[in-house]
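There are 2 protein chains.
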Amino acid sequence: MQLRVPGPTPCPPQALKAMGRQMINHRGGEFAKILNSATEKLRQAFQTKGDVFVLTSSGTGGMEAAIVNTLSPGDKVLSISNGAFSERFADIAEGYGAEVIRLSFEWGKAVDLNTVEKTLEADDDIKAILATHNETSTGMTNRLGDISTVVKKFNKLLLVDAISSLGCIDLPTDKWQCDVVVTGSQKGWMAPPGLAMVSVSEKAWRASAQAKMPRYYWDLSKAKDFLQKGQTPWTPAISLFYALDTTLDLILDEGLSNIFARHARVARIAREGVKSLGLSLFPEEEYASNTVTAVSTADNIDIPKLIQVLREEHDVVIAGGQRKLAGKIFRIGHLGAVDDDDIKSVLEALSKALPRAKKD
Amino acid sequence: MQLRVPGPTPCPPQALKAMGRQMINHRGGEFAKILNSATEKLRQAFQTKGDVFVLTSSGTGGMEAAIVNTLSPGDKVLSISNGAFSERFADIAEGYGAEVIRLSFEWGKAVDLNTVEKTLEADDDIKAILATHNETSTGMTNRLGDISTVVKKFNKLLLVDAISSLGCIDLPTDKWQCDVVVTGSQKGWMAPPGLAMVSVSEKAWRASAQAKMPRYYWDLSKAKDFLQKGQTPWTPAISLFYALDTTLDLILDEGLSNIFARHARVARIAREGVKSLGLSLFPEEEYASNTVTAVSTADNIDIPKLIQVLREEHDVVIAGGQRKLAGKIFRIGHLGAVDDDDIKSVLEALSKALPRAKKD
Numbered sequence: 493m494q495l496r497v498p499g500p501t502p503c504p505p506q507a508l509k510a511m512g513r514q515m516i517n518h519r520g521g522e523f524a525k526i527l528n529s530a531t532e533k534l535r536q537a538f539q540t541k542g543d544v545f546v547l548t549s550s551g552t553g554g555m556e557a558a559i560v561n562t563l564s565p566g567d568k569v570l571s572i573s574n575g576a577f578s579e580r581f582a583d584i585a586e587g588y589g590a591e592v593i594r595l596s597f598e599w600g601k602a603v604d605l606n607t608v609e610k611t612l613e614a615d616d617d618i619k620a621i622l623a624t625h626n627e628t629s630t631g632m633t634n635r636l637g638d639i640s641t642v643v644k645k646f647n648k649l650l651l652v653d654a655i656s657s658l659g660c661i662d663l664p665t666d667k668w669q670c671d672v673v674v675t676g677s678q679k680g681w682m683a684p685p686g687l688a689m690v691s692v693s694e695k696a697w698r699a700s701a702q703a704k705m706p707r708y709y710w711d712l713s714k715a716k717d718f719l720q721k722g723q724t725p726w727t728p729a730i731s732l733f734y735a736l737d738t739t740l741d742l743i744l745d746e747g748l749s750n751i752f753a754r755h756a757r758v759a760r761i762a763r764e765g766v767k768s769l770g771l772s773l774f775p776e777e778e779y780a781s782n783t784v785t786a787v788s789t790a791d792n793i794d795i796p797k798l799i800q801v802l803r804e805e806h807d808v809v810i811a812g813g814q815r816k817l818a819g820k821i822f823r824i825g826h827l828g829a830v831d832d833d834d835i836k837s838v839l840e841a842l843s844k845a846l847p848r849a850k851k852d
Numbered sequence: 493m494q495l496r497v498p499g500p501t502p503c504p505p506q507a508l509k510a511m512g513r514q515m516i517n518h519r520g521g522e523f524a525k526i527l528n529s530a531t532e533k534l535r536q537a538f539q540t541k542g543d544v545f546v547l548t549s550s551g552t553g554g555m556e557a558a559i560v561n562t563l564s565p566g567d568k569v570l571s572i573s574n575g576a577f578s579e580r581f582a583d584i585a586e587g588y589g590a591e592v593i594r595l596s597f598e599w600g601k602a603v604d605l606n607t608v609e610k611t612l613e614a615d616d617d618i619k620a621i622l623a624t625h626n627e628t629s630t631g632m633t634n635r636l637g638d639i640s641t642v643v644k645k646f647n648k649l650l651l652v653d654a655i656s657s658l659g660c661i662d663l664p665t666d667k668w669q670c671d672v673v674v675t676g677s678q679k680g681w682m683a684p685p686g687l688a689m690v691s692v693s694e695k696a697w698r699a700s701a702q703a704k705m706p707r708y709y710w711d712l713s714k715a716k717d718f719l720q721k722g723q724t725p726w727t728p729a730i731s732l733f734y735a736l737d738t739t740l741d742l743i744l745d746e747g748l749s750n751i752f753a754r755h756a757r758v759a760r761i762a763r764e765g766v767k768s769l770g771l772s773l774f775p776e777e778e779y780a781s782n783t784v785t786a787v788s789t790a791d792n793i794d795i796p797k798l799i800q801v802l803r804e805e806h807d808v809v810i811a812g813g814q815r816k817l818a819g820k821i822f823r824i825g826h827l828g829a830v831d832d833d834d835i836k837s838v839l840e841a842l843s844k845a846l847p848r849a850k851k852d
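Line by line, the protein sequences give chains A and B.
Using the working numbering, read the first sequence as starting at 493 and increasing by one per residue.
Using the working numbering, read the second sequence as starting at 493 and increasing by one per residue.
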């Protein structure tokens, strides 16, 4: 089976082998070695000299951690929103009592930096900005570096959902002054789902000292205390640490810049391929993501049928659209363990499946 | 290596094999089958006709879910506390703004039901009771059935940490009218850590509809909605579901009553064994746990040294004491995949290691 949803991504055999290892004491020296090793490698992959923590949860848990560790109920937060996941980020903040200003742009369309700047200029009370680096729901990558330049002009806290970009698309955490960056093990990291990885800047720690949102499981100051003794505050998903520690070696061996180039190349093949089949990209092409390609079809294509034919007749698993895009787009994930041939075979299957998915 | 801490517990080969399986789409039919199958088997093991959900987190995350789904800030909560984990449960409730009355009994000593009853009688405003079935920190099992009888006389909500008991020690969720019961995959369930399993009664759902504590990742009403389509709200730790679904088959094949009897037998061997070595049980013996034996030594035994000798010279890994019991007790876990011979070999190693751990 070719699993080409935008996460979970296929695990390389080394990761699967690591998953089969027997349990060890999570409060012993052997686990400490793995935790310290994975953390150090993650800091390289995050391009940060700051802290990185690994939480046992999905990426959404990491987003919740980003919010509750830095904010207080009543804090004003600006959410830059142009897809389902940026809306989720705003929902979490709102659920914990932040006053969220939703700066919404059309799904799949670029963020207007001018509007962001004007909003920040007009309201000095805004404490933090929620930004999504790669919108998995629309297959587009927001220009986080440019967003950061605006945000940092006003010296605000920048919280970033980079769940489906980090490790695949360049995101220099420190250079772009991202205060909290969140990702998930089942995306570019080539490990199974179940771990969220979260970086914390000095500025975020200062915010954390004032932040009054309730937190226990997500409390990153506890994670920091325990990491000093090579532990996590709560029992970690040990097997997933085995896998992640293994795939991080693969990642650093390949080299970040080579990985970014591979993702760019594979994504270009995907985009050219779908266009050559007469399909259109859902997002503005110059913002199209290097990890997930979101595709619109002519009205006469039955997208659920197309996905079914691909799965049942070609053993290729892709994703549909989420929320308001359900039934309107399909999405091909090409992140983590993926190379040119993988995506070419998806395109070939797609070319065969398309005629079978025509509406009468 | 013999891993005999009170969790993570050793995984049987079937579970480790399942962990090595490749990823699948968590929004597809194949995962739905596994999720539905595991959920149905968990309902049998929980002895409930109510709902059971599987969250990607450690057991502590499940405790947080129990609190935030049923309570509002300002709610009065009675915490029955006689160990580190019951204190954790109270800390979580307090962190989210509950007014927690801590009914504290000496660690390792029985809960005085009379005091519980008088406290409930004296304060009609108490909304919920936090109870720990098995205190992993002190190696004792609270008489949850008796606690429930008192709590239900006053028709209060009963939230139960059964992380290290469920599936090993009888806990008939419905019969004892437990409203939320929490456990974790790395304990009696013989799977690796990373999943919390949580049951929800009708009464808990009614409380949930009124509960105002903030929740997003832990929102069990979202879990219920998604379960209806064979999904989890957030990307689940797929591999751990593979393992849990497998070990649940082993559990139901062996049969709950046989498993309870095996744990009782193994625990008796552990208790008799440590006593025959001149050591004492930390908790009151009639409350001693069938999943973890906590042991006090004479003052002339260096416990950290004992644990080190066991690990380095006998390949047996046991746990020390937590918080105020650090350096004062050691703990042998005997839950999940454990039989008479396993614990006998731990006792034999212990008999050899003890003389080596004598202080000068």
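Keep in mind that the hints were calculated from the coordinates and are not lab data.
Remember, predicted model here, so these are calculated numbers, not experimental data.
Any given hint could turn out to be false.
Pairs involving identical chains hold if they fit within one copy or between any two copies, as the list cannot separate such chains.
Unchecked claim - Computed cross-link-like contacts, DSS-like style, restricted to lysine-lysine with a CA-CA straight-line distance of at most 27 Å: (1) K716 - K816; (2) K525 - K509; (3) K645 - K836; (4) K619 - K704; (5) K704 - K714.
Against the structure, the hints come out as follows:
1. K716 - K816: between (39 Å within a copy, 22 Å between copies)
2. K525 - K509: Result: close both inside a copy and across copies, 19 Å intra and 24 Å inter.
3. K645 - K836: neither (43 Å within a copy, 67 Å between copies)
4. K619 - K704: For K619 and K704, both the intra-copy (14 Å) and inter-copy (25 Å) Cα distances are at most 27 Å.
5. K704 - K714: both (15 Å within a copy, 25 Å between copies)
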